[in-house]
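Participant: Sequence:
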Amino acid sequence: MSLFWRIFLLNAAVLVAAGALLLLGPITVSAPVVLTEALILAGGMASMLGANALLLRLGLAPLQRVTRAMTTIDLLSPRPRPEVAGEGEIADLIETFNSMLDRLEAERATSSARALSAQEGERRRVAQELHDEVGQTLTAVLLELKRVAGHAPEPLREELIHVQEITRGSLDEIRRIARRLRPGVLDELGLVSALTALITETPPPEGLVIRRQMEKDLPELGHEAELVVYRIAQECLTNTVRHSGATLLELSLRRRPGGVELRIRDNGRGLGGAPEGAGLRGMRERALLIGAELSLGDDPSGGTDVRLVAPVRNGST
1 MSLFWRIFLL NAAVLVAAGA LLLLGPITVS APVVLTEALI LAGGMASMLG
51 ANALLLRLGL APLQRVTRAM TTIDLLSPRP RPEVAGEGEI ADLIETFNSM
101 LDRLEAERAT SSARALSAQE GERRRVAQEL HDEVGQTLTA VLLELKRVAG
151 HAPEPLREEL IHVQEITRGS LDEIRRIARR LRPGVLDELG LVSALTALIT
201 ETPPPEGLVI RRQMEKDLPE LGHEAELVVY RIAQECLTNT VRHSGATLLE
251 LSLRRRPGGV ELRIRDNGRG LGGAPEGAGL RGMRERALLI GAELSLGDDP
301 SGGTDVRLVA PVRNGST
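If you count by UniProt numbering, then the sequence shown holds residues 1 to 317, one letter each, in order.
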């Protein structure tokens with residue numbers, strides 16, 4: 001039965017019941033109307049409106065539930081789905097909304113995968129160009145400076161050696177940036193070694209202590225999942241070093257039933273209810289891409305607590 005006919009029949013039932021009470025009951029209306037009759041009619045009208053409102057609220061309750069779901073659902077993780085309840089157009093509306101969420105989730109996963117794949121490809125290209133073009137050019141400059149410094153008089157030689165040291169520092173920085181853009185150690189030595197190298201190469205501000213605890217014998221995650229874990233750890237370390245003002249950061253990588261848990265905690269300022277930026281949103285999108293569980297929040301003792309549980313590949317343990 002359509003929503004129109006349901007509402008029509010509810011109102012008709014109330015009106016018929018009121019008419020039957022007037023016809024069959026002992027109530028009469030005088031001309032002019034006396035106060036007692038007016039009060040009885042007013043009470044009957046109020047009862048009729050109350051009954052009509054109650055019946056409509058019961059009939060439209062599923063529609064109100066789906067309206068609340070539409071306004072409060074998290075589009076990055078639209079679960080659980082609203083329960084299909086009611087009849088007619090209301091049930092059809094809830095089913096259509098759930099189907100729309102299914103399509104949205106599938107399309108978001110596909111588009112996120114394409115975007116992240118393109119991003120990683122661009123990072124590899126930039127890292128390769130930094131290594132091959134800029135790195136080789138600076139290496140040639142270093143060799144030329146060394147040759148010129150060997151034939152230069154003493155005062156000029158010291159200046160050339162100083163320029164040589166500056167150039168060598170720039171070359172080391174470019175190589176470090178290239179490694180962060182394209183973590184070759186992740187492909188060659190695995191996730192634990194890549195995270196260890198990431199922590200070692202991240203220059204902490206004065207007063208920040210970084211502690212790590214990583215299990216060696218971890219189940220196989222697969223290249224895509226390992227890259228997601230690495231990028232999320234990289235984003236957390238960058239945020240802590242730049243913005244948190246923390247004095248302690250703890251990173252752990254442990255085996256969990258059905259997955260591997262990455263946990264990063266610090267004692268800094270915490271999120272503090274700040275709006276979600278591109279970095280945090282990117283972390284959530286990466287986690288959803290591999291079906292991982294990601295929680296971000298303020299640690300009860302102060303600071304930020306990030307927890308990622310990545311599922312293992314092929315159900316290995």
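The set of hints was computed from the structure by calculation and includes no laboratory data.
Glycine included, C-beta positions come from ideal geometry on N, C-alpha and C.
Hints may be right or wrong, so weigh each one.
Straight-line C-alpha distance at most 20 Å; calculated DMTMM-like pairs for lysine to aspartate or glutamate [claimed, not checked]:
#: 1; residue 1: K146; residue 2: E158
#: 2; residue 1: K146; residue 2: E188
#: 3; residue 1: K216; residue 2: E188
#: 4; residue 1: K216; residue 2: D172
#: 5; residue 1: K146; residue 2: D172
#: 6; residue 1: K216; residue 2: E165
#: 7; residue 1: K146; residue 2: E120
#: 8; residue 1: K146; residue 2: E129
With beta-carbon atoms standing in for the labels, derived distance ranges [as the list claims (entries may be wrong)]:
#: 9; residue 1: Q136; residue 2: E201; range: 32 to 38 Å
#: 10; residue 1: A113; residue 2: R212; range: 27 to 33 Å
#: 11; residue 1: R256; residue 2: V126; range: 32 to 38 Å
#: 12; residue 1: P32; residue 2: R65; range: 47 to 53 Å
#: 13; residue 1: E95; residue 2: G184; range: 26 to 32 Å
Participant: Give a verdict on every hint.
Facilitator: Quick rundown of the hints versus the structure:
1. For the proposed pair K146 and E158, the alpha carbon gap of about 11 Å is at most 20 Å, so the pair holds.
2. Between K146 and E188, the direct Cα distance comes to roughly 34 Å. Violation of the 20 Å bound is thereby established for this hinted pair.
3. For the hint linking K216 to E188, the alpha-carbon distance of about 15 Å falls within 20 Å, and the restraint holds.
4. Between K216 and D172 the alpha-carbon distance is near 29 Å, which puts this suggested pair outside the 20 Å criterion.
5. Under the criterion of a C-alpha separation no larger than 20 Å, the hint pairing K146 with D172 is consistent with the structure, at around 17 Å.
6. Between the alpha carbons of K216 and E165 the distance comes to roughly 38 Å, so the proposed pair goes past 20 Å and is violated.
7. A hinted pair counts as satisfied when its Cα atoms are at most 20 Å apart, and K146 with E120 does not qualify at roughly 37 Å.
8. A distance of roughly 25 Å separates the Cα atoms of K146 and E129; the hinted pair therefore is violated under the 20 Å criterion.
9. Roughly 21 Å separates the CB atoms of Q136 and E201, a value that falls outside the hinted 32 to 38 Å.
10. Between A113 and R212 the beta carbon distance is about 30 Å. The supplied range of 27 to 33 Å therefore holds.
11. Restraint check, R256 to V126: a C-beta distance of roughly 34 Å satisfies the suggested window 32 to 38 Å.
12. Range check, P32 to R65: about 49 Å between beta-carbon atoms, so the 47 to 53 Å window is met.
13. Checking the proposed 26 to 32 Å range against E95 and G184 shows it is violated: the Cβ atoms sit about 49 Å from each other.
Hint compliance for this structure: hints 2, 4, 6, 7, 8, 9, 13 are not met, and every other hint is.
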